[in-house]
Amino acid sequence: MITTIGLKKGTGLGTIEDNFNLGFFLHASLVIDAFSDTVLGCGDAQLWHRVYDDPKRASKTRKMPIEQKESYKWIKACQNIQLKFQQARSITFVEDRDGDIYEQFVSVLNTKSHLVIRIGKDRKLADGGKLFSSLDEQPCCGRYVIDIGAERRKKRSSRKATVEVRYKRVLLKRPADNYNKTMAAEVQMYVVEAVEKQYDGKDKICWRLITSHEVNSFEDALHIINIYRKRWYIEQLFRLLKKQGFAMEETQLETGWAIRKLCVLG
1 MITTIGLKKG TGLGTIEDNF NLGFFLHASL VIDAFSDTVL GCGDAQLWHR VYDDPKRASK
61 TRKMPIEQKE SYKWIKACQN IQLKFQQARS ITFVEDRDGD IYEQFVSVLN TKSHLVIRIG
121 KDRKLADGGK LFSSLDEQPC CGRYVIDIGA ERRKKRSSRK ATVEVRYKRV LLKRPADNYN
181 KTMAAEVQMY VVEAVEKQYD GKDKICWRLI TSHEVNSFED ALHIINIYRK RWYIEQLFRL
241 LKKQGFAMEE TQLETGWAIR KLCVLG
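The sequence shown runs 1 to 266 under this note's numbering.
Calculated from the structure, these hints are not laboratory results.
Treat the hints with care, as some may be off.
[Stated by the list, open to error] Computed cross-link-like contacts, BS3-like style, restricted to lysine-lysine with a CA-CA straight-line distance of at most 25 Å: (1) Lys243 x Lys121; (2) Lys261 x Lys243; (3) Lys181 x Lys124; (4) Lys261 x Lys121.
[Stated by the list, open to error] Pair ranges (Cβ atoms, derived): (5) Asn216 x Asn21: 15 to 25 Å; (6) Glu214 x Glu137: 14 to 24 Å; (7) Arg153 x Leu253: 55 to 65 Å; (8) Ser134 x Leu262: 17 to 27 Å; (9) Leu171 x Leu262: 43 to 53 Å; (10) Asp37 x Arg97: 17 to 27 Å; (11) Ser90 x Cys140: 49 to 59 Å; (12) Ala150 x Lys76: 15 to 25 Å; (13) Leu262 x Arg62: 14 to 24 Å; (14) Asn110 x Lys230: 18 to 28 Å; (15) Gly120 x Gln252: 44 to 54 Å; (16) Arg159 x Glu214: 27 to 37 Å; (17) Phe132 x Asp203: 31 to 41 Å.
Beta carbons: idealized from backbone N, C-alpha and C, even for Gly.
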């Protein structure tokens, strides 16, 4: 999301999440080598703006087909990258909570494509249980220790964090409010949890990840956690585009269309 000040609607800009400030949305996907962590480039980029203001937009989108929702960006990005990298031996799409979409679980996966996504909602399971409580019942399969660096902006002191790991194979149930009743009623996934059980600070580590990769051991779970850590690269990209780099939001260009071109060139 790129926000701008002093420009007008109708120039490639629309209201953003606060429904007040103007800007446009950029959904970028980086391609990273799984073995060397080398950033190979941008695999996909989608830019758009909201063309009208609607305070009831959120409630209306719940009833829309996924193809008409902004969240379709995740599925579209996966499909575009699959077409571009058909020769790849394997592709794993790494996404934050916004990508926790049931439609993606049943439409993107194939023998060469996998997902690692931070869980955004406590889903229902096919056996009638709930995802989080089911995961809480799992025994700890192992622990690891990491160094947490100090961060002045967040008033965080350095410390050593002991992280407990759990995992489980689950059968997710299709959401009851999903409009597409022809979609698979169930989908098998694996969940991995990395959490500090002996620490209660605001910066407590608690990652719950869902993946299509098989997880059958502590080592497999650590591998999924390390895959998700690669999301750091996309965070760095947006830091570079914004205040810690190109300062796109402070540009003197006069239209949203021009800023988009600058953004792509950057």
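Item to complete: Tell me, in ascending order, the numbers of any earlier hints that this structure violates.
Response: The structure conflicts with hints 1, 4, 5, 7, 8, 11, 12, 13, 15, 17, although it agrees with all the remaining ones.
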